[in-house]
Amino acid sequence: MTEVIQPKEVLYCGVCSFPPEYCEFGASFKKCKLWLDENDQELFNKLYSDEALATATSSLSIEKQEKIEKDLQKKQAKEEAKQERELQKKLQSKVILKRIERTKRKHAIAISGLEVFEIDMKKLAKTFASKFATGCSVTKNAEKKEEIIVQGDVGDAIEVYITGLLKEKGLLDIKVEQIEEKKKKKPTTPAIPPQ
Amino acid sequence: MFKKFTKEDVHTRTNVKSSVQRALKSKFVSQFEKLESVIDEIIPKKSAVELLKCEDKIQLYIVDDEVVFFQQFDELIPSIKIVQKYPDAFPSVKVDRGAIKFVLSGANIMCPGLTSPGAGLPDAPGYEKEKIVAIYAEGKEHALAIGKLIMSTEDIKSINKGIGIELVHYLGDGLWNFQAD
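Respectively, the protein sequence lines represent chains B and Y.
In terms of full-length UniProt numbering, the first sequence opens at residue 1 and continues consecutively.
In terms of full-length UniProt numbering, the second sequence opens at residue 1 and continues consecutively.
It is worth saying that the hints were derived from the structure and are not from the lab.
Derived DSSO-like pairs (lysine-lysine); straight-line CA-CA distance at most 30 Å:
id : chain 1 : residue 1 : chain 2 : residue 2
1  : Y       : 34        : Y       : 45
2  : B       : 75        : Y       : 140
3  : Y       : 81        : B       : 33
4  : B       : 33        : Y       : 4
5  : Y       : 46        : Y       : 34
6  : B       : 64        : Y       : 94
7  : Y       : 85        : B       : 31
8  : B       : 90        : B       : 74
9  : Y       : 7         : B       : 31
10 : B       : 8         : Y       : 4
11 : Y       : 140       : B       : 70
12 : Y       : 81        : B       : 8
13 : B       : 169       : B       : 75
14 : B       : 67        : Y       : 4
15 : B       : 31        : B       : 74
16 : Y       : 45        : Y       : 57
17 : Y       : 4         : Y       : 94
18 : Y       : 131       : Y       : 85
19 : B       : 144       : Y       : 4
20 : Y       : 81        : Y       : 140
21 : Y       : 129       : B       : 8
22 : Y       : 157       : Y       : 94
23 : Y       : 81        : B       : 74
24 : Y       : 3         : B       : 30
25 : Y       : 27        : Y       : 131
26 : B       : 123       : Y       : 4
27 : B       : 90        : B       : 123
28 : B       : 64        : Y       : 101
29 : B       : 131       : Y       : 7
30 : Y       : 34        : Y       : 53
With the hints as constraints, model all of the structure from the sequences given.
What follows is the structure, given as structure tokens:
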């Protein structure tokens, strides 16, 4: 009962996170194949040589095999299209920093349009709060979307920070735009004449 | 169980007391006896085990931000990463190639997928029902899912109809993609 089991090193695909032999069932097979070709030539040859493919498919009838292949291809195409769409959406959207006047000479910055980029809003708010030593919170705005409100006139610093953050994610051409919102003057209610 | 599982399903996150941790380890070993020699590698003595209580009474146990095992009711179930690391320590069954696609989308495993020529079940007496098994696939080296036997393996062979294994955790499900940080 004291046989020692050695831990087995398992390589995981850098694209879909599966062990490479299961990549063919994932949604991004083409990319996975490229990745493996670059990263582990030996395994690549083992998995995708003609011989290996032939043995893998030998136990199934040809029609069944074709059907499965077709289904998989369909799924993969769908997934690719989806990713493409998401990327487009990301590229088109922009981040808006709105400068809101609170009282005379005091401002708050509302950051909206971040939700597309898969950024953890709460964490970012916390970072801002400690970075600028101000109050910072996540709230829902008028369109029911989440935005970060930073107290204090720190628009420029935030712009730099967010562009840096997006660059890290590999998104270079995202617009970060600053706009200003003037405090609306209270509509003067006409005084009700005393009766 | 983990078809849809995200961070939002985690309710609380706490550290586990070292005495509880010891009890957990011995329980895990008693379930999978071959792990005895490596349990200290899976959960080093000085490490902090964290307990994540989640939706549906699922509890995840985490060491170094990796899910090691989880439980819903009484028994502990290893995560796939652990099974792939210590493949010999867990009872296993094998499905045929046609079944892989369905398993990877979360389907329970039907008996014919376990009895066809490409598949493999252990010889008699096999495993009792309710046992946790690692699921391998024809022509593949690593496990692709964890399941719970609904029938004993002998029954699967003789009846050969209906659901044989209830799928618990598989490659690409919510738990697989779960990141604990």
